[in-house]
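Visitor: Sequence:
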Amino acid sequence: MTTAPSTLASAPIAPQAPSGGRPARGRGGIVAHVVLVALLVVALYPIVYMVGTSFKSPQEISNNLNILPESFTPGNYADGWSGIPGVSFARFFVNSVVVSVGVVVGNVVSCALAAYAFARLRFPLRGVWFALMIGTLLLPHHVLVVPQYVLFNALGWVNTPLPLIVPKFLATDAFFVFLMVQFMRGIPRTLDEAAAIDGCGPFATFFRIVLPLTKPALVTTTVFSFIQTWNDFFSQLVYLNDIAKYTLPIGLRLFLDSSGQNAVGPMFAMSVLSLVPVFLFFLVFQRLIVEGINTSGIKG
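269 is the number that the numbering used here gives to position 269 of the sequence shown; each next residue is one higher, with no gaps.
Calculated from the structure, these hints are not laboratory results.
We put the CB at the ideal spot given by N, CA and C, even for glycine.
Check each hint, because a few of them may be wrong.
What the hints assert, rightly or not - Derived Cβ-Cβ restraints for the label pairs, each shown as a range:
no.: 1; residue 1: Ala154; residue 2: Tyr45; range: 44 to 50 Å
no.: 2; residue 1: Ala38; residue 2: Pro147; range: 45 to 51 Å
no.: 3; residue 1: Ala204; residue 2: Tyr45; range: 49 to 55 Å
no.: 4; residue 1: Val34; residue 2: Leu162; range: 49 to 55 Å
no.: 5; residue 1: Leu162; residue 2: Gln228; range: 16 to 22 Å
no.: 6; residue 1: Asn64; residue 2: Val150; range: 46 to 52 Å
no.: 7; residue 1: Val94; residue 2: Phe203; range: 33 to 39 Å
no.: 8; residue 1: Leu280; residue 2: Leu151; range: 33 to 39 Å
no.: 9; residue 1: Leu170; residue 2: Leu211; range: 15 to 21 Å
no.: 10; residue 1: Phe234; residue 2: Leu137; range: 17 to 23 Å
no.: 11; residue 1: Leu151; residue 2: Pro124; range: 27 to 33 Å
no.: 12; residue 1: Ile243; residue 2: Leu137; range: 31 to 37 Å
no.: 13; residue 1: Pro85; residue 2: Thr136; range: 41 to 47 Å
no.: 14; residue 1: Leu151; residue 2: Asn64; range: 47 to 53 Å
The whole structure should be built from the sequences, with the hints applied where relevant.
Guide: Structure representation (structure tokens):
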């Protein structure tokens, strides 16, 4: 007598996730979000406090430590924009724009040319010159102030924007040169070979092939150069003597008088306005900044 095969197939049992796995991951995500929100609050608190203080009266600034003012005082912006007697704050804005734009143009042009030479061209002692260029990153800026001041004073450039702008056309910022070198090394050399077959020389290859593909690194150099120059206080204080030639960081310092008569409200108001160009740069070029920092080059 034969037995019929069993109609129940022995189906494999799928493994099941532990019952507590998903809630554990959910708790981890909540903790991560809480930590990120806490860090965001810590990072944004000084900015929010500065904006709130710019609308406080002088008495409330010293007595009210809250972020929001009890009574809004928009007159701080009008008082701050009027500046000091004889010089409006708009003059400081114009001076900062002139210096920052000059530095940006100088860094982008000179650093791109120097990076192209180090990354794509062959010349004697290229490795030695590149190592020396990187070595300049180890030199503190304050060590070079005295010899640079003596040189610029002999040229008659002190109390003019020239000491702040002209050196940037000589690729003096090694960090931006290194940034562009790393980016250009990621561009395939077959593009250079194809350009040479078409009759392009080194300069034509640079302007037609390499430079358009280096746009993220160029934008990163532009934004960082602008922010660094816009917020620079020490160098501009050393070379600029006349109040009419001061830039924003030095102009903000004029609101704090050594005699004790401080205009703190207008100073906070003008500090808020001075941050607007920086935020606009980040909002407009955020994607290209990330690409430039990653120095990803071209991925085929």
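Visitor: Assuming the hint says 49 to 55 Å, is it satisfied by the Cβ distance from Ala204 to Tyr45 or not?
Guide: holds, 52 Å
Visitor: Starting from the hint 33 to 39 Å, judge whether the C-beta atoms of Leu280 and Leu151 obey it.
Guide: Holds, at about 35 Å.
Visitor: Look at the Cβ atoms of Leu151 and Pro124 and judge whether their distance stays inside 27 to 33 Å.
Guide: holds, 29 Å
Visitor: So does Leu151 sit 47 to 53 Å from Asn64, Cβ to Cβ?
Guide: Since Leu151 and Asn64 have Cβ atoms about 50 Å apart, the given range 47 to 53 Å holds.
Visitor: Has the hinted range 46 to 52 Å been met by the Cβ atoms of Asn64 and Val150?
Guide: Between Asn64 and Val150, where Cβ atoms are some 49 Å apart, the hint holds.
Visitor: A range of 45 to 51 Å was offered for this pair. Does it hold for the Cβ distance of Ala38 and Pro147?
Guide: Roughly 47 Å apart at Cβ, these two residues keep to the hinted range, so it holds.
Visitor: Note whether the CB distance of Leu170 and Leu211 lies within 15 to 21 Å or breaks it.
Guide: The hint (15 to 21 Å, Cβ to Cβ) holds, given that Leu170 and Leu211 are roughly 19 Å apart.
Visitor: Given a hint of 44 to 50 Å, does the C-beta separation of Ala154 and Tyr45 actually sit inside it?
Guide: holds, 47 Å
Visitor: Can the suggested window of 31 to 37 Å be confirmed for the beta-carbon pair Ile243 and Leu137?
Guide: Holds, since Ile243 and Leu137 (Cβ atoms, about 34 Å apart) stay within the stated range.
Visitor: Is the distance from the Cβ of Leu162 to the Cβ of Gln228 consistent with 16 to 22 Å?
Guide: holds, 18 Å
Visitor: Can you tell me whether the CB distance of Pro85 to Thr136 sits inside 41 to 47 Å?
Guide: holds, 43 Å
Visitor: Determine whether the Cβ-Cβ distance between Val94 and Phe203 falls within the hinted range of 33 to 39 Å.
Guide: For Phe203 against Val94, whose Cβ atoms are near 35 Å apart, the range 33 to 39 Å holds.
Violation of the numbered hints given earlier is absent; every hint is satisfied by the structure.
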